[in-house]
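Protein chains: 2
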Amino acid sequence: MRAVQDSMDVLSGKWKIAILSSICYYNKRRFSDILHDVEGISNKMLSKELKELEINKLVNRSVMDTQPITVQYELTEHGRTLQTIINHLTAWGIEHRKKIIGE
Amino acid sequence: MRAVQDSMDVLSGKWKIAILSSICYYNKRRFSDILHDVEGISNKMLSKELKELEINKLVNRSVMDTQPITVQYELTEHGRTLQTIINHLTAWGIEHRKKIIGE
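Chains A and B supply the protein sequences, listed in that same order.
By the working numbering, the letter at position 74 of the first sequence is numbered 495, and the numbering carries on one by one without gaps.
By the working numbering, the letter at position 26 of the second sequence is numbered 447, and the numbering carries on one by one without gaps.
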């Protein structure tokens with residue numbers, strides 16, 4: 422039981438998996454693009470969630486020397502081990518929506 | 422992105438996946454046993470989470486005609502489709518703990 426709780430401690434909350442799947446889908450993703458991808462998330466919340474994902478060694482942050490400066494994120498090797506779970510959660514989400522809302 | 426968010430809306434929070442994995446592990450599980458399995462959860466929280474899982478058609482609740490009465494839970498067919506995700510999250514949780522805490 423504890424192992425699955427460990428995972429959920431890291432991945433829990435409304436946003437983390439959606440953020441990871443946005444970065445995962447595009448391989449590298451700018452902050453502003455993630456903000457656009459993840460429906461309903463605020464700038465402040467995205468910063469906080471990305472910080473936590475960095476602390477948990479799931480994403481790397483790089484500052485691009487552009488005008489204006491852009492910040493880019495990519496999954497770490499450890500982060501990429503989540504790919505299977507993200508794919509399963511995506512497929513399950515589609516099935517669940519059909520089951521519950523009949524869409 | 423929305424599909425993965427749909428999943429996390431249902432599974433999110435600290436407790437749901439741990440509750441599902443307890444029921445899943447034992448096939449059928451009494452309320453009091455789940456309370457014991459899931460480290461740190463309160464009676465009130467467990468009732469609330471189980472109610473939400475029932476609404477989302479993931480678990481079935483049955484009242485056993487025992488003295489005193491016992492309430493038992495099992496996964497629905499739809500709930501059992503989460504088995505793969507729960508297994509992956511369990512395995513990932515073990516890897517993550519090694520990576521982060523070096524246990």
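No lab work stands behind these hints: they were computed from the structure.
Please note: incorrect hints may appear among the correct ones.
As the list claims (entries may be wrong) - Simulated crosslink set (BS3-like; lysine-lysine; CA at most 25 Å straight-line):
| hint | chain 1 | residue 1 | chain 2 | residue 2 |
| --- | --- | --- | --- | --- |
| 1 | A | 435 | A | 449 |
| 2 | B | 478 | A | 449 |
| 3 | B | 449 | A | 435 |
| 4 | A | 519 | A | 465 |
| 5 | A | 472 | B | 519 |
Said to hold, decoys possible - Cβ-Cβ distance ranges computed for the label pairs, FRET-style:
| hint | chain 1 | residue 1 | chain 2 | residue 2 | range |
| --- | --- | --- | --- | --- | --- |
| 6 | B | 461 | A | 505 | 21 to 29 Å |
| 7 | A | 512 | B | 465 | 28 to 36 Å |
| 8 | A | 521 | B | 461 | 22 to 30 Å |
| 9 | A | 454 | B | 520 | 26 to 34 Å |
| 10 | B | 490 | A | 519 | 16 to 24 Å |
| 11 | A | 501 | B | 454 | 30 to 38 Å |
Note that the Cβ used here is the ideal one computed from N, Cα and C, for glycine as well.
Evaluated hints:
For a cut-off of 25 Å, the pair hint linking residue 435 of chain A to residue 449 of chain A stands: about 21 Å separates their Cα positions. Restraint check: the Cα-Cα separation between residue 478 of chain B and residue 449 of chain A comes to about 37 Å, which exceeds 25 Å; the hinted pair is violated. Between the alpha carbons of residue 449 of chain B and residue 435 of chain A the distance comes to roughly 29 Å, so the proposed pair goes past 25 Å and is violated. Between residue 519 of chain A and residue 465 of chain A, the direct Cα distance comes to roughly 33 Å. Violation of the 25 Å bound is thereby established for this hinted pair.
Between residue 472 of chain A and residue 519 of chain B the CA atoms are separated by roughly 21 Å; this keeps the pair inside 25 Å, and the hint holds. Between residue 461 of chain B and residue 505 of chain A the Cβ separation comes to about 28 Å, which falls inside the hinted range of 21 to 29 Å. About 33 Å separates the C-beta atoms of residue 512 of chain A and residue 465 of chain B, a value consistent with the hinted range of 28 to 36 Å. For residue 521 of chain A and residue 461 of chain B, the Cβ-Cβ distance of about 29 Å falls inside the hinted range of 22 to 30 Å, so the restraint holds.
Range check, residue 454 of chain A to residue 520 of chain B: about 27 Å between beta-carbon atoms, so the 26 to 34 Å window is met. Checked against the given bound of 16 to 24 Å, the beta carbons of residue 490 of chain B and residue 519 of chain A, roughly 36 Å apart, lie outside it. Distance hint check for residue 501 of chain A and residue 454 of chain B: the Cβ-Cβ separation is about 37 Å, which falls inside the suggested range of 30 to 38 Å.
The structure does not agree with the numbered hints 2, 3, 4, 10 stated previously, though it agrees with the rest.
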